[in-house]
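A.B. asks: Below, each chain spelled out in residue letters.
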Amino acid sequence: MAPALLVFAVFFYFALGFNIYLSLSSWNLLSPERHFVGLANYRAVLTSPRFHRTLWNTILYTAGSTAASMATGLALALGLRRVTRFARLLQGALFAPYIISWVSVALLWLWLLDPQYGLVDAALTRLGLPAVNWLGAESIALWSLVLLTVWKAVGYDMVTYLAGLQAIPSTVYEAAALDGAGAGAQLFRITLPLLGPTIFFLLVTSVIFSFEAFDIVNIMTQGGPIHDATYLFVYFIYVVGFQYFQIGQAAAASILLFLILFVLTVLEFRFLQRRVHYAS
Amino acid sequence: MNAPARARGAAGSVILAAAALAVAFPLYWIAVTAFKPSPETFQFPPSLWPHRWDLDPLRTVWQTAPMLLYYRNSILVVAGILSLQLATVILAAYAFAVLEFPGRDLLFYACLVPIMMPEQVLFIPDFIILRSLHLLDTLAGLVLPFATSAFGIFLVRQAFRGIPGEFIDAARAEGAGDLAVIRHVMIPLGRPMIVTFGVFSFVFHWNDYFWPLIMTNAVPVRTLPLGVATFYTQESGVVWNQVMAANLLLVLPILVVFALVQPYIVRGFHLTLQ
Chain A
1 MAPALLVFAV
11 FFYFALGFNI
21 YLSLSSWNLL
31 SPERHFVGLA
41 NYRAVLTSPR
51 FHRTLWNTIL
61 YTAGSTAASM
71 ATGLALALGL
81 RRVTRFARLL
91 QGALFAPYII
101 SWVSVALLWL
111 WLLDPQYGLV
121 DAALTRLGLP
131 AVNWLGAESI
141 ALWSLVLLTV
151 WKAVGYDMVT
161 YLAGLQAIPS
171 TVYEAAALDG
181 AGAGAQLFRI
191 TLPLLGPTIF
201 FLLVTSVIFS
211 FEAFDIVNIM
221 TQGGPIHDAT
231 YLFVYFIYVV
241 GFQYFQIGQA
251 AAASILLFLI
261 LFVLTVLEFR
271 FLQRRVHYAS
Chain B
1 MNAPARARGA
11 AGSVILAAAA
21 LAVAFPLYWI
31 AVTAFKPSPE
41 TFQFPPSLWP
51 HRWDLDPLRT
61 VWQTAPMLLY
71 YRNSILVVAG
81 ILSLQLATVI
91 LAAYAFAVLE
101 FPGRDLLFYA
111 CLVPIMMPEQ
121 VLFIPDFIIL
131 RSLHLLDTLA
141 GLVLPFATSA
151 FGIFLVRQAF
161 RGIPGEFIDA
171 ARAEGAGDLA
181 VIRHVMIPLG
191 RPMIVTFGVF
201 SFVFHWNDYF
211 WPLIMTNAVP
221 VRTLPLGVAT
231 FYTQESGVVW
241 NQVMAANLLL
251 VLPILVVFAL
261 VQPYIVRGFH
271 LTLQ
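As they're listed, the protein sequences go chains A and B.
Take the first sequence: its letter number 169 is residue 169 in the working numbering, and every next letter is one higher.
Take the second sequence: its letter number 200 is residue 200 in the working numbering, and every next letter is one higher.
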């Protein structure tokens, strides 16, 4: 236990305290000079137009990718509930994108969405539809990131739903069928209410995962194409800290992120504990 | 089943199969592009099957970048993280699940707070800590911060708490100490959860791009995801068949592992949700 605690003590608790201290200082990472500036860094971050755009982008990205992947994942899970070899094969195919790296996803979709030679625009043109400038248009780039995030996450959501569905005893459905409940009534009266905890769990984890997004921005758009159109939270911290060397402001933004994620984690932990009590 | 219901079922199967195909197709596109000669990647409409399977992109990737070094570094980092994590996680989970000592619950909560706090939150202070320990640009700097896992401690503790106390008492009665109890009782009975955690951790750290990006700069310590990403940012313009060939070398090991351990992954979802 002691080694585990030591790692947390250094890289989490000490780091957290150090981060708070940094967020109250002005420092450029290299010079020995570092002085206390109070809440000036928080004020600078919270009033920066780039931060406003970043926060708004992060909310849109999180809402879009969470809603789309949770809805699609649920539909797929309901469709693939039955334990057949066919269902298992499709489940495997749908889950595969989840386990490959974001680097692979970023490179692959840069290629698929390439405006000149990409497969997606080629297919659209072939169907007589106009080509789309997926990553080069300010109003579309963020939604392109949502699209590939849904592609990657939907298998995870599906498998989580399937685990939740499996916990619903079939006798419940049999009783409902005897009472004459149709498919629609069974879905809304039994399946969805009993999936409640699973849906909640997925919601919280998906939101947390979305707030962590960084790799696709750094590799695919560098926050662009213009006007910070795809700046997301972690990318903002990275740019402020490691490109402009405004360590204090980057640390202040980290603390804001920490607070958001902390609230979400508490919610999630409450849920996990309740589920554990059910099981035991 | 009556006829309309059967027709609906068939239509549903077709839709599901189409969805799975649409999701899996991009993965196929990595492989196909990696084996196309360069001119064929600029062709319109794109060919769905290469006219000629060309090994040159893979060969060029292998010769222009130190891929073997990237593999070596990735394997060393992931192996280091996994072995340290398994050791610390099992010991901590045992202490929290079985032993009684003052302040246990408080310490357990202290281990839980980092559970969902991703590496992206505290990377600035961690960068400075590693710098003052002279661990930037070292493989140790990629391993040590991940020497344990809050999520792992939580999961394995749950599994250990599910083991009946009689087994532990019986082992103790035969004179087994804590380490012997862990080895002969806890690990064998907690194995499904331990393996599941190991698989998830492996996938996560094999794929990790963020931490090495921040903490390393030098080529000799570069891991595979970073190395592969550099193929896109070449100054000479993007050569797509080479980018996809490099991507294939990154994706293939993880898909092979996935195929081998798929039952553990699926079981992991059931275990963590219960």
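For the record, the hints were derived by calculation from the structure and aren't laboratory data.
Every residue gets a Cβ at the ideal spot worked out from N, C-alpha and C, and that includes glycine.
Fair warning: there could be bad hints in the mix.
To list a few chain B residues with every Cβ distance to chain A over 12 Å, as calculated [what the hints assert, rightly or not]: (1) Q85; (2) A180; (3) I187.
These stretches of chain A come out as covered by chain B in the derived footprint (C-beta under 8 Å, 3 or more residues) [claimed, not checked]: (4) 31 to 40; (5) 221 to 229; (6) 255 to 267.
A.B. asks: Taking the hints in turn, state whether each one holds.
C.D. replies: Evaluated hints:
no. : hint       : verdict
1   : Q85        : 9 Å, violated
2   : A180       : 17 Å, holds
3   : I187       : 16 Å, holds
4   : 31 to 40   : violated (count 0)
5   : 221 to 229 : violated (count 0)
6   : 255 to 267 : holds (count 6)
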